[in-house]
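Asker: Quick one: dock chain against chain with the hints and give me the complex.
Protein sequences appear in the order of chains A and B. Residue numbers for the first sequence follow the numbering used here, beginning at 1 and rising by one. Residue numbers for the second sequence follow the numbering used here, beginning at 1 and rising by one.
What the hints contain is simulated information worked out from the structure, not anything from laboratory work. Any given hint could turn out to be false.
What the hints assert, rightly or not - Now the in silico label distances, taken between C-beta atoms and shown as ranges:
1) S67(A) to Q769(B): 47 to 57 angstroms
2) A833(B) to R150(A): 18 to 28 angstroms
3) Q32(A) to S648(B): 53 to 63 angstroms
4) Y30(A) to S648(B): 52 to 62 angstroms
Unchecked claim - Here are the simulated lysine to any residue pairs, SDA-like style, with alpha carbons at most 20 angstroms apart:
5) K488(B) to H745(B)
6) K619(B) to S456(B)
7) K619(B) to R68(A)
8) K195(B) to I541(B)
9) K447(B) to V123(A)
10) K447(B) to Q78(A)
11) K447(B) to G127(A)
12) K488(B) to T267(B)
13) K208(B) to T267(B)
14) K195(B) to R692(B)
15) K447(B) to Q126(A)
16) K447(B) to S671(B)
17) K488(B) to E349(B)
18) K619(B) to G660(B)
19) K619(B) to I685(B)
20) K619(B) to T603(B)
21) K447(B) to F79(A)
22) K386(B) to H484(B)
23) K31(B) to L58(B)
24) K195(B) to S229(B)
25) K619(B) to R667(B)
26) K619(B) to V607(B)
27) K447(B) to L14(A)
28) K447(B) to V464(B)
29) K471(B) to P374(B)
30) K488(B) to Q511(B)
31) K208(B) to R222(B)
32) K447(B) to F119(A)
33) K447(B) to R68(A)
34) K208(B) to Q259(B)
35) K31(B) to M1(B)
36) K447(B) to G144(A)
37) K619(B) to S67(A)
Each residue gets a CB set at the ideal place from its N, CA and C atoms; glycine is no exception.
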Amino acid sequence: MTPTLSGRWQTRLLLLGTVGFVVTWFFAAYFQAITFEDVFHVPFVLLVYVAVLGLGWDVLYNVMQHSRWDSDWPPIYQFGAGVAEALLLFALIRIGLVIGVPENLPFWMFFVHYGAVWFWTFVMTQGPLRLLFPQWRFRGGQFGRHPATRE
Amino acid sequence: MQIHLTWQEPDSDVHGEWTGDLPLTLGRTTKPAIDHPQVTREHARLDWVDGQLILTDLESRNGTFVADEQVDRAELGASGTFRLGPVVVEVQALLPEPEETVIAPEPPELIETIAAPEAVEEPGPVDTSGTVEEPDAAPEPVEEPAEEPAEAPSADAGTLIEGEMTDSFATVEEAEPIQAAKRVDEPPRLVVVWKNEETGAEGQSMEKVPVALGSRDDSAVRLADARVSRLHATLMVEDGQIVLRDEQSSNGTFIGSEQVSVAQLGTAGQFTIRPFLITARIEGVEAESAEVREPATQLEEEASIFFDDERGTLAPAPPAEESGFPPALFQQDMVSVSALQATGVPIEEKAYVAIGGGLGSFIWVDYLRVYGVPTEGICVVGLEAKPHGRYERLCINSQIPYHERLRSDSASRPDCLWGWPGYAVVEAWNGITGRGNLKDGLRAAWKIFAEPTFTSTYTPVSGVVFDSIDKEARRIGWEQMRQHGRVKAIRKTDDGRYAVAYTVPGDTTDQRHRIVIARYVHVAVGYPGIRLLPDLQAYRIETGDLERVVNAYEEHQHVYDTLAREGGLVLIRGWGIVASRIIQRLFELRRDKGADVQILHLTRSIVAEGHRYRNAQRKVDNNWEFQPFNWPKAAWGGDLRFLLEESSPEERGRLLQAWGGTTTADREDWSDLIAQGRREGWYHIREGEVDRVERNAEGTLTTVIRGKKTLRAETRLDTNYIIDCTGLQSGIESHPLLRDLVAHHGLGRNVQGRLDVADDFEIRGMRNQQARMYASGVATLGGPYAPVDSFLGLQYAAQRSVNALVYHRAPRLQHLGALTSFGQWRRWARGVAP
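Bound-form chain B, shown alone (with noise of 0.2 angstroms):
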């Protein structure tokens, strides 16, 4: 049997093509040869059994792949399309058959559309950027219509494949006819938006043109509204212009008020159908006017979920904007402070002021006083009545309770700045005296010694290091300088100081707005919310069922409740520490109530590599990315730390790319579990990209994939959960103080968008004579420091600025000589105020 194979090696030019006969073994020393360094010697073999193509894996490294899952072995049918590591490889069969016949595609409406016109000849795989790949067979010219369904015997090769998946979970939706030969250009894509005007309902994506709009299920953009037709209008792009034509429509197609047949919309444009406003663009071309603001990315550039600190909950909308505050006088540059005294507003003035509250807040201001600022010279404006409260939230939240551990180094006490005796030091010592466990006291001892080599690293237990920090807190008088408040706006005032006013939530009296003015300025307001991804973003817009999709920050506990009564399926998206964590939680069900819970663990592409920086290289294992904390650890102190800070801002965002990404801590009990939920197939790991969440029939969750290398079919997966476990939302677009502190003063942005600081962390363009205003944390992240949401991370920052503060001689500051600092390390181990 002879056949025609064509491979294409990822993210690259780098193709090959061949012909000849079976059996045939692929790989990188055979011949043909696949030379890719993630393809193995022998990679996978092909065979012609009973009439069709067995592919069959050889045990390599990194996996052969159909329609995304991992196979053994697979029947293709007479073609079809597999993966061996990342190389897409396309086989067919040269049957003595007819090749006209082309099967009618489904839905017929659509053959004119997806018949595509720009059906381009190419003289074969010859590559102009000179990357060829072309073994044994001779260049020729491809004869199959390049863009059309491949012929009879592999119109169901997809439905073959699938029947072969074990994954009991994925039911094939819709198998399209693969491609015999992709030897053409790249049609143009589009990327179109659409929003339900009534309904506020919205949605992007990316489409390959013809782009089909209606209300069928299987559109490439699904209008679902009854006034929409089935097939109710066409995108395709002409000499570089959209053109959107009617598709004789019920109810037409609009470009403002006027009706349209034809029109030509240029590289991007807006049009609507009713009730659906739309705007498509070419991919490539940016939105140009702010009609056309993508509602979508505007769902990842904003957080979904707000921390409501009054509360102490989270809301799914910013507390409301109140009017008359703060005064007018805000408006302008710069301002008066005899005028701010005519507004009648309270004024208190202090020498800092800390906003924010949070850990942040209280890591700075526990160094300033133990450089000798008394708590009369210091106040504190947030809403939060612990420092820990909105970690502490977060961390419950995310099902880690006060006794599991933290992801956190032994010395990174926020409690204390000189980082001794770490937690596990103490562990230790209470195991060995007897006032703790002596097992846990020991390996404590041993983690610490032996980390991370030879065993996993010591994270301490999170009541712990709660606990500590309220104990500091009474030392340095946290409560006597706390203000209760939300802090609306901070502007330079006219005498080489800020004013930051700020809201008492609560007081109904004439008090309730305030100033305070100061001369030292710290900014730590932490995240500003919760981002769901947008696909999920979208599905509960558009259902407003809030119970089903979850993000693993909020409160989440009835999917808990209901899976250990019910048991059930849960989809699992993103693989830092949280999803790791709601895993084991997740194991607990199975394990402590018997409850039948089965997870999906849902990946964009499988990783098999981990990240290289220098000769390092970070450990992958089951696609997880593991490294002890969420970056590497002389990044907090090391030659990383110096090297980032010496960097410009391009070198800063090529530096973080590579040390940071998604990882979680390599610990024992994690990895076993993994493997263990392999083993006994209740844990599964999915590759695809998620096109959309729909709510099914049976009330379940459906979640429509699309493969990412290999078939372009659909797959669907119905879920009972989608725990949403991808972080935070760190932009600082989110947080109505940063975002009014930027556009006032003009500030400009680090590398990530974020706050650009200086390396003391003075925010530059605040300065205002002798007035300095410093930031920390996320807020400050892309600049010269990595890890500033970490403890450690927030210690630094406080020790840069509070370190800059004193060469800028601010009042009450000491420098911590050695004796000084060792004299006030023995207060603090007595439990003496500083």
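Next up, chain A with everything else stripped away, as it sits in the complex (with noise of 0.2 angstroms):
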């Protein structure tokens, strides 16, 4: 894929709206089943997290693809970028920046949260998404139809 930095918001918006809160509803649902808390809202509140503060990795990841040849992002950046994101993410809940969620939020939960939704988003990325928006490859991963030309 080789996304613009408007490409990359917007995916990265749908995707999580759409694929990433499928899989966060499920892991919600989950955790409040075999904790007995009132967690339901904690994995929600991390999506939200990792779309807001993904719209700043953005600009950083699209300045880093420009300085490449191809200006490109192969997947394994995408894998190295989910990474960096996470480490970030996690490191935040722990000094207790993230606003809804338990300094104490064991480690896992985290992991197999976030992993999920990482996964899954990449997968779409990889392809499904072309077979419902065959422009989406060629206009750096915006959605929407190419522009009318007028001449």
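Answerer: Written as structure tokens, this is what we have:
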């Protein structure tokens, strides 16, 4: 994939809002069921954090991408970006900067939820999105049609 | 020992001069300092040993060169010329000998003309541009006679240097004495074009004045014919005018029918030395009239080998024109449909017509079909039985058989507009499920995950790609839509459509010539042909030898068959993906057949650094420049695509320059092979500009090269074969249909001289009321999109034009929303017609 900055933002928000939301719902219900505590909202809060922090991360990725000759973003970079974002977010949780998420959130809970969201959004960018939006890959990850040429 | 040094940076006025004692270390941080970025801090050393200068490379980054050959150590004699990276250095030992001793250069009768009349004394190295390199030595007038050969000890310096050369193929034919200093203005150069009116042989060269014309082998312009005197005439420039002087030749020099002894030609002119017609012009002066047309330039513009799609082969000439069709009415600006009907030519009407019938047409029609147009609404006119016919032939000729891999991305599937699952995903899946090779499958999966940083880029196997296209062709009903024919002309009609006139080869009935009228037309005719390098084309015309000089895209199996039996030396020209594959093929002859095949790879100049764009730089290794595909990946659908589209035509020209160029894919097997070849001594890189190619006494080939930056001596390279890997002809002039289209409708050209298309690939100037005409493929290169001749690029062009037709409400086309798109993909996956 060779995204543009706005393509990154659009794709991130759309995928977190759809695939990410479904996956998060599943884990929210699961965590609620096994802990007998009121934690249903926690994964959703994390999802919002991933989305909002990600808008900033994307700016950084975009700069890095431009220093590559092909100006592309291979899958392995997507993986590396996912790891970096996870580390920062978990650190923020531990120092209590993520409002609405307990500081002592078990790592495994964070890991399985975050990992599943990352995995399914990654899979979507590797192909299935193109089945729904054939123009997406030519528009640097932006949705919508090519503009009409007025001549 | 005192020496005098001068140096000159490439393509600039920066130069310097120094006089001092040996030993001396030369580099960026030494004294004197040669401050050029490609010169290493301590680049090379000069010593005086046993009465001669010894040059030693100090493991510099960009190398030290003598006679364009990279050296670790070289003996220069008493003076010499060498190169530190790109910087040319001339050195001269200041021997206590009389300076006037001038060795008479060969040929004696040329002394007069060699002694340049314009020897200008310059006040020294001070450069008016302000970029002066002026180290220790104070500026002083140069005393040496500027244009005369250097003094005695250096006369054989060239020979000594050449004697050091390890390159066993290179034999020195002629080593001109090196000039001690070149502190004169460059003499003007003349472009001389000649044509043998009897044989049709032609040639061109650019020469410094005075230019000697004659039948001698070493004439600047050699006119090989018994009627031409050894030194027949000379050309000089006086007061900005070319002066032609007959050198008392036996058979005379003529302007028109008038014999002349001395004549002014102006800045450009034409004269005859029978049987040659010669034109000369001062470099930079445009050829004026149609008569002063340069054959060599023409060779560059026009294809030398044409695709004969009727026979599925390559032909040396374009298909012959037939008279009487298209009808005379096609001379008009706008064709009347009723008048067309009156001609009696069979006429068919369709909504959509695709012209070409190759991959470009196939991909466009695939889009139309998926977007809802039935087969009845579409007509494809072309000569290829299969959409990949020509592409496949070019692959096979350039040594990519069905089991070898193409230079293409996994997700670039010409048979699937969604590009999913990509070829790599399929390969991985087949490997894992046991239908294919597990190792290949896992490798494919790893590659598409980690490419191109941690592994080389995945590329699909050619046979798999062709099979997938065949399958999709069956699904969309390609055969029902295809009309076998060669399109002759396209015209606007008075009812807001286009008339496409075509001929059906092999049809002997009165149905042979036909016309199809359509509102929406797509032109994708591909590369017009193959172009040989001008000197190789000149060789072929002159000798008629099509066996030893071949283009990689031609059928040239005989080369490998002979090499497998007899071994031999092959000269490769070109540094692209085709050259990579040909070298691999030659290596396979060594490995599998034990044949003694040697490769000499010629380059105009050593590539020290890759192209730069923004903060990125392309990788270079062993003179090869690498990128996974022929453009940076973001040119297909990333930020570079948007950037190019938004740029002005001039800016587009600059961007294409920065991103393009000759590159090959960084495949491990190829780079290992080059390293191995250099180590084992069967692969050599040679720098030089080709002057001409000749047949030698043994019946093999001699390529005469001239050193570009150091010695002006010629070097002759004797090889058994020359394989031209420089590519295909991409100009539109060579294609009769496009040439007619542009000329008849007065269409504009893009910055690279090809079809001017809008961002949605509509051909500007062809709109006719509601009718729209689009193009794709290499004919549009230089416009809003760079990778126009790739699978994915053709898909992009098709998507843009079909998308525009949806906005335009063209019949039966429906926008592909998310759900319809997914539904259509499912039909594709199940192999059901759209």
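Asker: If a hint holds in the structure, say so; if it doesn't, say that too.
Answerer: Checked hints:
Checking the proposed 47 to 57 angstroms range against S67(A) and Q769(B) shows it holds: the Cβ atoms sit about 49 angstroms from each other. At roughly 35 angstroms, the beta carbons of A833(B) and R150(A) sit outside the given window of 18 to 28 angstroms. Between Q32(A) and S648(B) the beta carbons are some 59 angstroms apart, a value that agrees with the proposed interval 53 to 63 angstroms. A C-beta distance of roughly 56 angstroms is found between Y30(A) and S648(B), which places it inside the suggested range of 52 to 62 angstroms.
Between K488(B) and H745(B), the direct Cα distance comes to roughly 15 angstroms. Compliance with the 20 angstroms bound is thereby established for this hinted pair. This hinted pair checks out: K619(B) and S456(B) have alpha carbons roughly 13 angstroms apart, not beyond 20 angstroms. Taken as a hint, the K619(B) and R68(A) pair is honoured in the structure, with Cα atoms around 11 angstroms apart against an allowance of 20 angstroms. With a CA separation close to 11 angstroms, the supplied pair K195(B) and I541(B) stays within the 20 angstroms bound.
The hinted pair formed by K447(B) and V123(A) meets the criterion: a straight-line CA distance of about 16 angstroms does not exceed 20 angstroms. About 14 angstroms separates the Cα atoms of K447(B) and Q78(A), which keeps this hinted pair within 20 angstroms; it holds. Simply put, K447(B) and G127(A) have alpha-carbon atoms about 16 angstroms apart, close enough for the 20 angstroms limit, and the pair holds. In summary, the hint linking K488(B) to T267(B) is not supported, as the alpha carbons are separated by about 41 angstroms, beyond the 20 angstroms threshold.
Note on K208(B) and T267(B): the hinted pairing holds, with a Cα-Cα distance of about 15 angstroms set against a maximum of 20 angstroms. In summary, the hint linking K195(B) to R692(B) is supported, as the alpha carbons are separated by about 15 angstroms, within the 20 angstroms threshold. The hinted pair formed by K447(B) and Q126(A) meets the criterion: a straight-line CA distance of about 14 angstroms does not exceed 20 angstroms. Taken as a hint, the K447(B) and S671(B) pair is honoured in the structure, with Cα atoms around 18 angstroms apart against an allowance of 20 angstroms.
Taking the CA atoms of K488(B) and E349(B), the gap is about 17 angstroms. The hint holds against a cut of 20 angstroms. Taking the CA atoms of K619(B) and G660(B), the gap is about 13 angstroms. The hint holds against a cut of 20 angstroms. Pair hint K619(B) plus I685(B) holds up; C-alpha atoms about 18 angstroms apart against a cutoff of 20 angstroms. For the given pair, K619(B) sits about 17 angstroms from T603(B) by alpha-carbon distance, which is consistent with the 20 angstroms threshold.
Restraint check for K447(B) and F79(A): satisfied, since their Cα atoms lie roughly 14 angstroms apart, inside the 20 angstroms limit. Our distance criterion of 20 angstroms between C-alpha atoms is met by K386(B) and H484(B), whose separation comes to about 11 angstroms. A C-alpha spacing of about 16 angstroms is found between K31(B) and L58(B), which places the hinted pair at or below 20 angstroms, so the restraint holds. For the proposed pair K195(B) and S229(B), the alpha carbon gap of about 17 angstroms is at most 20 angstroms, so the pair holds.
Between K619(B) and R667(B), the direct Cα distance comes to roughly 13 angstroms. Compliance with the 20 angstroms bound is thereby established for this hinted pair. A C-alpha spacing of about 10 angstroms is found between K619(B) and V607(B), which places the hinted pair at or below 20 angstroms, so the restraint holds. For the proposed pair K447(B) and L14(A), the alpha carbon gap of about 28 angstroms is over 20 angstroms, so the pair is violated. Proposed proximity of K447(B) and V464(B) is supported: the alpha carbons are some 18 angstroms apart, at most 20 angstroms.
Restraint check: the Cα-Cα separation between K471(B) and P374(B) comes to about 18 angstroms, which is no more than 20 angstroms; the hinted pair holds. For the given pair, K488(B) sits about 15 angstroms from Q511(B) by alpha-carbon distance, which is consistent with the 20 angstroms threshold. About 15 angstroms separates the Cα atoms of K208(B) and R222(B), which keeps this hinted pair within 20 angstroms; it holds. With a C-alpha separation of about 18 angstroms, the suggested pair K447(B) and F119(A) falls inside the 20 angstroms cut-off, and the hint holds.
At most 20 angstroms may separate the alpha-carbon atoms for a hinted pair to count; K447(B) and R68(A) meet this at roughly 18 angstroms. The straight-line distance between the Cα atoms of K208(B) and Q259(B) is roughly 25 angstroms, outside the 20 angstroms bound, and the hint therefore fails. Under the criterion of a C-alpha separation no larger than 20 angstroms, the hint pairing K31(B) with M1(B) is consistent with the structure, at around 17 angstroms. Pair hint K447(B) plus G144(A) does not hold up; C-alpha atoms about 30 angstroms apart against a cutoff of 20 angstroms.
The hinted pair formed by K619(B) and S67(A) meets the criterion: a straight-line CA distance of about 13 angstroms does not exceed 20 angstroms.
Hints 2, 12, 27, 34 and 36 from the list above are not met by this structure, while the remaining hints are.
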